[in-house]
Structures are given as structure tokens and as C-alpha cells.
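Chemist: Chain residues, written in single-letter form:
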Amino acid sequence: MDLWQTFMDFRFILWDGIVETFYMTFVSVSMAYVLGLPLGVLLVVSGADNLMPNKFLSSGLGMLVNTLRSIPYIILIIILIPVSRAIVGTMIGPSAAIVSLVIAAAPFVSRMVETSINEIDQGVIDAAKSMGATNFQIITKVIIPESVPSLIRGFAITTITLISFSAMAGAIGAGGLGHIAIRYGHQRNMTDVMIVTIIIIVVIVAIIQFLFNTLAAKIDKKLVS
Amino acid sequence: MCYTGSILRYVEWGVYNVISLDNVTKIYGNKVDALLGVTLDISEGDIFGIVGKSGAGKSTMLKLMGLLEKPTSGEIKILNADVSTITPRDANAIKKNIGTVFQGFNLLAQRNVEKNIAFPLELIKEKKPYIKARCAELAEVVDLSDKLKSYPVQLSGGQKQRVAIARALATKPKIMLCDEPTSALDSFTTREILKLLKEINKKLGITIVIITHEMAVVKSICNKTVVLDEGKIAEMGKTSEVLKNPKSPITKLLLGIEEDETL
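So the protein sequences, as listed, match chains H and F. The number in this note's numbering is simply the position in the first sequence, starting from 1, with 202 added. The number in this note's numbering is simply the position in the second sequence, starting from 1, with 1013 added.
Some hints here could point you the wrong way.
[Stated by the list, open to error] Computed footprint of chain H on chain F, listed as stretches where at least three residues anywhere in the stretch have a Cβ under 8 angstroms from a Cβ of chain H: (1) 1160-1170; (2) 1220-1233.
[What the hints assert, rightly or not] Simulated restraints on C-beta separations: (3) F:1072 x H:321: 21 to 29 angstroms; (4) F:1218 x H:254: 21 to 29 angstroms; (5) H:417 x F:1150: 34 to 42 angstroms; (6) H:254 x F:1103: 15 to 23 angstroms; (7) H:419 x F:1082: 52 to 60 angstroms; (8) H:256 x F:1095: 41 to 49 angstroms; (9) F:1146 x H:415: 52 to 60 angstroms; (10) F:1094 x H:254: 19 to 27 angstroms; (11) F:1166 x H:292: 28 to 36 angstroms.
Treat the hints as calculated values from the structure; they're not laboratory data. From a predicted model like this one, the values you see are computed outputs, not experimental measurements. Idealized CB from N, CA, C, for every residue including glycine.
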């Protein structure tokens, strides 16, 4: 089995797959953060003993996030077919997959953001309060800036999770590398194509992890020597 | 005129009370550290020590003085303003006059020294050139001019506390509240920080309130001291007198004169 030969034979198809995977992942990860970041901040600040305690909001958001997170992604895709149709006009292809990817990722992101924020030393928030900072100032000038390195690490985890989710979406015709693996590797029994696809995904994941880890380490002033 | 209660507080003519607590009670639902009917005055220029065992109400007292909490009953005046039932917005305006220093320094880890000192000035939206000049000035006061671009992780405990002191001074406060400012420091660094606080009190005329469980701290810089025990004032007066002639068992205990039978 000559994997290099397979790679060369399929290079155009693979390239399209890579582009589609990147497109799906990055569009959905960005949109998931647009929704998930404020949601995560709200989850934290509405908690008991926090900046703006609100039992109703806190338990409501918590329940929404937990519910969405407990639906297996493959089922979420099917449930959301009508929604995808309504928003992007189709139920197949990368753009249609983005709808379900965003809905799956936003609650995931909100929990990642919540964890990052909870890592901050409560003392700095107390200090800001003692200086007369408003809640808005505490969020924008303390909570978010102080958790940036951790948020970046979370962003890498989210991106990698979405790459694997997008491969799952490939199973129902969303395109991308997952679709290639299933169409050729599985349905046509071409094991070498399957292996090449997996190698490409592994490499992409490794690169993303490395890049974001490096970035986080560079930005994190707790690691300055 | 029903004035006798408070006239005693102005006995020393011309002395201005920057902080006054009148029969202040603070009770928490389930937590300890309550205050029960405390009355005291802190005059301008004082270095006022608050001592007591943990749970005696020291932290609660500081939180009330720092407008982080409201009393359950009683009246608190800060710089002659009644703050007992103040709205959060008005409280934030008064907080500009109060600098706070903490045991754990509480610096922003992602900001360098200069940006940490600048933080309270950013909150009140001062202009950038003013902030820069003020940070340079303050760095000189705390002797850290060469560390402006360093990050907290690169500093020693004493240096971090000096940054925190500079930050507390940024908005030119009249009052500085110190919550166990030296408890995380070794004895040498403790002396340095106490010396700095004394200097600030003398040169800048800032009234300082210090919470501590170390009698040595009180002894070295506080002119007045209150000893708290279970939310009440056990003893209060000039530090020299409290130390020389302690009356309450708790003061003796803290001074190590009386043996603790529970040990």
C-alpha cells in the first residue's frame, strides 16, 4: 500500500476536503464564541455570591447549556435539519453543517469560558471593587483580560473538538475530510484513503494545538521569566 | 441640646474624624466575623491598628470602612459623609478617597507594574498623559522606578506589596485601609513595608487603618489601637497605653502575657 501514491492521486479531492473542513471549523468556532463568550460570562457573574447574582438567570442558563450539551451531536444534526434549511436554504454541504456546529459548540464554549474565568484569583476582583469599579468595568477590565491566556487554550480545545464534529457532519453529506473518509475509505473500502485522511486530520490538530499553546504561553504574563 | 454623646468625640479641638462608626452592628446570616454595636473614631493623620483573633470582626470592620458592605444597623461616616445607606453609585464615587492594600497583594497578573498602578486611574477615566506621569511619580514614592515594565510574577513579595501601595495611592486618597499588609512577608520585608507606610502617613498626610494579628506591627507604627473580641471592642486607646497597661484578657492574650489555657 503506497500511501504517498494515494495522497498524490487524491490530492485535489483531499485539498477540497481540507478547505471545507477549515471553512466549517473556523466559521462555526467564531460564531460559537460570539454566542458562547457572553453566555459564559453571564453564567459566572449571575452565580450566587458573584457580581450580579440572579438565581433565575443562572439556573435557566445552566439548564439550557446542560440540555444542549447532553444531546449527542449526530442527533443534533438531524433535529436541526429544518433549522438549517430555514437559515441557509439547504440541509447538505458545509454551510448547512455550520448551523448545527454552532448550536453544539456555543454551550461547550460557554463552559470553557466559565472555567477560564473561575481560574482568576478572587482577590483581584475584590481589589477592583474596593477601587469603585462598576460591574461592567470588572468584566471588561479584570475578568476578561486576566483570563485571556486561559481563553486561548480553551479556544484551541474548542477548535479541535469542532474539527472532529465537522467530520461527523461529513457522514450526512456536509463535505470536508470526514466526508472523504466515509465516502472512499468506508463505502468504497479504500483503506489507504481512510489512513491518509486520518493522518491529515492528526497533523492539522497537532498544528492547531501547537500554535495556540505557543500563543497562549507568549501572552501569559504569569509565565514571563 | 442632646449633644453629649458625640461632643466627646471632638474633645481634641480641631481634630477631624475621617472615619466614624456609631453603634455599628453587622450580622451575617450564617457566617461568623460579626460586629456588635461598635463605636469608634479615627482622626485625620492617625495610623490606627485593629487587632484581634480571627473571627473577631476585623475584616468585617474593614469591609464596612471600605464601603464593600453596609451595616445591619448603626451609622458610618467616611469623610463626614453618611455612608450607612449609600447607593452603590455614590459609594463608588467615595471609594476614590480610599486606597486598599491586601495581604495577598491582589495585583493583576496580566498587567505590568505601570499598568497595575494605572488601574484605578483608568477606572475613573483619567487622561493618558496624566496617568503616565502619575505612575512614574508613584513608582518613585515606593522606590520601584526601575520595575515599571516588570510583571507581578517577576517581583518579590515586598516589591509586589509596594506596587499595591502605589496603586492604592494613585487616586490621591485621604484614607488607606490595609488588610494584614505584612502577613505574607518575612520580618525584614515587613519592616520595610511598615517604614514605607509610616512615611506615606507623615509626608502625604494619609490616615492609615491597619488590620493585623501581629502585635509587633501595631507596636511599631500605630498611634492608636482597638482590640476586638467577638465583635465587640475589648480595649481602645493610644497604642503605648494599650501595650503598657493592657486591661482586657484578650489584649493580654494577644500580647502573650497571659497563658492560653486551651493550649
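Chemist: Now look at each hint and say whether the structure bears it out.
Modeler: Hints versus structure:
1. 1160-1170: holds (count 4)
2. 1220-1233: Three-residue rule not met by the stretch 1220-1233 of chain F, so violated; n is 0.
3. F:1072 x H:321: 21 to 29 angstroms: Holds - the Cβ-Cβ distance for residue 1072 of chain F and residue 321 of chain H, about 24 angstroms, lies within 21 to 29 angstroms.
4. F:1218 x H:254: 21 to 29 angstroms: Given range 21 to 29 angstroms: violated, Cβ gap about 38 angstroms.
5. H:417 x F:1150: 34 to 42 angstroms: 35 angstroms, holds
6. H:254 x F:1103: 15 to 23 angstroms: At 19 angstroms between Cβs, range holds.
7. H:419 x F:1082: 52 to 60 angstroms: 39 angstroms, violated
8. H:256 x F:1095: 41 to 49 angstroms: With a Cβ separation near 30 angstroms, residue 256 of chain H and residue 1095 of chain F fall outside 41 to 49 angstroms, so the hint is violated.
9. F:1146 x H:415: 52 to 60 angstroms: Because 39 angstroms falls outside the window, the suggested range is violated.
10. F:1094 x H:254: 19 to 27 angstroms: Distance hint for residue 1094 of chain F, residue 254 of chain H holds at roughly 26 angstroms.
11. F:1166 x H:292: 28 to 36 angstroms: 51 angstroms, violated
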